[in-house]
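The listed protein sequences derive, respectively, from chains A and B.
With the first letter of the first sequence counted as 1, position 474 gets the number 600 in this note's numbering; the numbers rise by one all the way through.
With the first letter of the second sequence counted as 1, position 354 gets the number 480 in this note's numbering; the numbers rise by one all the way through.
Any given hint could be a false lead.
As the list claims (entries may be wrong) - Under the rule of at most 16 angstroms between Cα atoms (straight-line distance), these lysine to aspartate or glutamate pairs were calculated in the EDC-like manner:
(1) A/LYS258 with B/ASP421
(2) B/LYS645 with B/ASP670
(3) A/LYS447 with B/ASP670
(4) B/LYS447 with A/ASP289
(5) A/LYS679 with B/GLU633
(6) B/LYS555 with A/GLU229
(7) B/LYS447 with A/ASP260
What the hints contain is simulated information worked out from the structure, not anything from laboratory work.
Given the structure is predicted, the values throughout are model-derived calculations rather than measurements.
The residues making up each chain are set out below.
2 protein chains.
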Amino acid sequence: MYIEKVNSPADIKSLSKEQLQIMASEIRAGLMNRLSKKGGHFGPNFGFVEATIALHYVFNSPVDKFVFDVSHQSYVHKMLTGRKDAYIYDEHFEDVSGYTNPEESEHDFFNVGHTSTSVSLACGLAKGRDLKGDKENIIAVIGDGSLSGGEALEGIDFASELDSNFIIVVNDNDMSIAENHGGLYKNLKELRDSDGKCACNIFKAMGLDYMYVSDGNDIETLIKAFESIKDINHPIVVHLNTKKGKGYKPAELNKENWHWCMPFDVETGKSKVTFDGEEYGSMTCEYLLNKMKADKKVVAVVAAVPTCIGFTEDKRKEAGKQFVDVGIAEEHAVAMVSGIAKNGGKPVFATHSSFFQRTYDQISQDLCVNSNAATLLVNTASVYGMNDVTHLGIYDIPMMSNIPNLVYLAPTNSEEYFAMLDWSIEQNKYPVAIRIPCNGVIHTDAKVDTDYSDINKYQITQKGENIAIIALGDFYQLGESVSSLISEKTGITPTLINPRFITGADEEMLEELKKNHSKVITLEDGILDGGFGEKIARYYSSSDVKVYNYGLKKEFIDRYSVDDILEQNHLTPELIVNDTLAL
Amino acid sequence: MYIEKVNSPADIKSLSKEQLQIMASEIRAGLMNRLSKKGGHFGPNFGFVEATIALHYVFNSPVDKFVFDVSHQSYVHKMLTGRKDAYIYDEHFEDVSGYTNPEESEHDFFNVGHTSTSVSLACGLAKGRDLKGDKENIIAVIGDGSLSGGEALEGIDFASELDSNFIIVVNDNDMSIAENHGGLYKNLKELRDSDGKCACNIFKAMGLDYMYVSDGNDIETLIKAFESIKDINHPIVVHLNTKKGKGYKPAELNKENWHWCMPFDVETGKSKVTFDGEEYGSMTCEYLLNKMKADKKVVAVVAAVPTCIGFTEDKRKEAGKQFVDVGIAEEHAVAMVSGIAKNGGKPVFATHSSFFQRTYDQISQDLCVNSNAATLLVNTASVYGMNDVTHLGIYDIPMMSNIPNLVYLAPTNSEEYFAMLDWSIEQNKYPVAIRIPCNGVIHTDAKVDTDYSDINKYQITQKGENIAIIALGDFYQLGESVSSLISEKTGITPTLINPRFITGADEEMLEELKKNHSKVITLEDGILDGGFGEKIARYYSSSDVKVYNYGLKKEFIDRYSVDDILEQNHLTPELIVNDTLAL
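Here chain A stands alone, though its shape is the one from the complex:
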């Protein structure tokens, strides 16, 4: 195998075009080995094998510098830069993350997991180069799906100001995660259809030079194209027409399902992971579809991750005009739902916790300053969420809960979640965010409230004394365990509280607790800094009530084990009880 002998890009430069072609097959076999057993981003990498080979053949990494947008197409780059073992040999799977990672290799410049950042980051590398008077090539790689993101568009618009070497490789496979949305994709199609020759050209309209490569999966063509622009003295876009999932029929045929995969059977393409239990994605979708049928004003909005609330292709069709995928455009999504609510609609926007970071200003300015009654569903906001450093769900509480006017709710079970969602959709006074539980779908027989308009009103679920446990959202069940253990160890029945609202203190209840409680324990599924527990600590800070805040340490963590992290932060019933009873 050629790939087995590649320890750095230098090792591919002496290969013939035929040998490179053979290596492309070997690389696909390596990708297949890892992805069929471990899962990962399938389609983008299979489609970008030849382009990556050509880039490393022509350019001189790491002196010349590549930045791969969102890292979804960076696996082949990893294989060619000393990390092939992590794909070919099962025992090395854990050597690499799913994203570019400077800690792994000098060929990686950033840890990147959010979309639409490569052009701006690479602009920075280019500006740094120019300040130093250096001359290397700077190459940003970006997929067509990422182009709709505001950061990418800002970066592309700015790039022409550089006036020096800068290469933007657009990997156009005519797909986002799902289908693309937005007007610029019509232009990309025109460009593909006209072999890059149509006069109206989004990249030229942004002030950039432009080159089109119609067969973005042909190594020889690609090498010629890249050689022709190597060391270019101004910014240029190289627009590659590639095939997502190329080389594996099931992935070529169903691009959305194969954007990312779980472990699967190579022969049949069938996933090896089946899950037939309840999960909030499809439950939310069913709820919303019913709601839409009853009320034409209800509309679900997503930003390129429709299945985060269960909207697979068939469900999207079923919802029709009451479902909107804005593409990768979270800022637009939040501003738009504010406008929909203002004009009488009942919008629900859902995305992952980590992607809400894209839209802090829109939540604050477009939505909350204007107090429009849109609903935001915050998915995978939890230590149980995604565990890559770029996708963590443990920072949303400080980010969102301190924005004035926003009502941020933390349901503790399925019935409460849907009651809150229903209340939020039907009310017309508050911008509301709901933190979807992430510790499995837990049901309750208890009656849940249907009205949450008494803002910051906590609920006592177990009346006790001496110790009060305020257990937020999906850490409520942890609160129940802590309560049981305290009872078991001391005979005392603690008071257990479901605060429901993340955005404020129930001062009346907290004051009342002072009468027969000396200790208050707070539990939250997120970092402590700027979080929920600190509000309780502040409330009691000049009183005699002792407060014990439990949550996560403020830090970036990567590919962690949940159990380890919980243990490290003393987030087990035993450790909590030991700590708080000891003091």
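Chain A is fixed; fit chain B onto it per the hints.
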């Protein structure tokens, strides 16, 4: 006067074109009256008089709905929708805010003060209309300067998905606040130069229909243009070529200086407000220019507000390639400075506190996950900052200080500020943000540290006992006053602490304080929720030390008096001492 009789847009519909033309002059006189006495956004409004008249003549507000981007061109709209008195009569100046405001009028749909939001907000109004089956016109107005913002580009890209009536009026006066930056402005020039006919067209490339109006200051032309597209059944861009500052020579000649004005003499155009004291903007500029001369790797980056760190046109020229204005593109700016730092540059990005909200995700992902040593200068982050609800500087601490890896510094005086800035530029380990003091330029004779690499190390500036005052950033002087008053009232010398670091607790010092302090007072110039004081409250929450957190209530406030707000939040030495000694 015609304008005196206009109480709603209905009142202008029966006027002849000649009468409308006369009214335009009256409107300019009204604008001149208010702006020469009170200040405000001059250039954008003077340039948009005719267009606003034509819009209200043709469309039927508030059934047809206008959304004015950033509100900088909304004054004429206010005059035509029942609020003319606030411009014509001095005694009514306080009737209106500087921004569109639904509380003022049913003709305003959003409180808007950040750029680049109108298209997305209006998309929402359009989608809400479509869900209800209504038919009104939805019109977004946006200036050329705002087009480079990610949210605007996301919105324009999405708009073509609407498939129903939607009108984007681009008010192209060929200026941002300063000159425009970005490739798309080359395309706008081509469009203007070709009377809208050049084949490469940024708006068409985004999937939109397009119409060009070369004389955007001619009422009759404008009326014809708007009449031709009223009730259009698909999205369209109407690109108007207008003249910024039109009708006042000084403003036409110096567009940057007249984007916004302080009170001025109408005859000479000379500002009535002169300030010859020290201010951090020009001091920062001088410092950076010197730094740049000594080190070619230092680069200052701004996003369309160059003068927030003193970079007037002459200073920008002096800095040359070591100064970058990215235009309205805060996301790009933060990602780019991360890249510059990664490739050996020493970047400093400055903008207003409220505009950092645009770039939460880039601070977290592009910068802090990657630990690149860029410096962020946070301007007007204070209760003493801008006091419009859309520009408040009191939310940055919860937003930024809880992002892992970021070192957020709060200098207490001029010497400390520049020492921190110098340290930050020269170190290569941490992303650093610095909160520029906002309570005037205060000097110290005391020696200030030059090294801040001992992260979260607070400084005791006065050793005392019993009570410790931790006074953050520009509330340090308040801390000094509180300390004096306590000494005066009790004879006790409190310990006074300059924490310097917003991003964490100095646990060693806090632990040490326990020995001979029973009370700790924290003071911060921002909201309490998610802020600095709560971290101290959490630290002591299970101890016997009582903590008193002083700061601002979490709420949106508008056009406030600083003294009132400080009083309401008990932020005076007298109130603080009364509270804390009483308990």
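**OP:** Any hints from earlier that this structure breaks? Give me their numbers in increasing order, please.
**Re:** Structure breaks hint 3 only.
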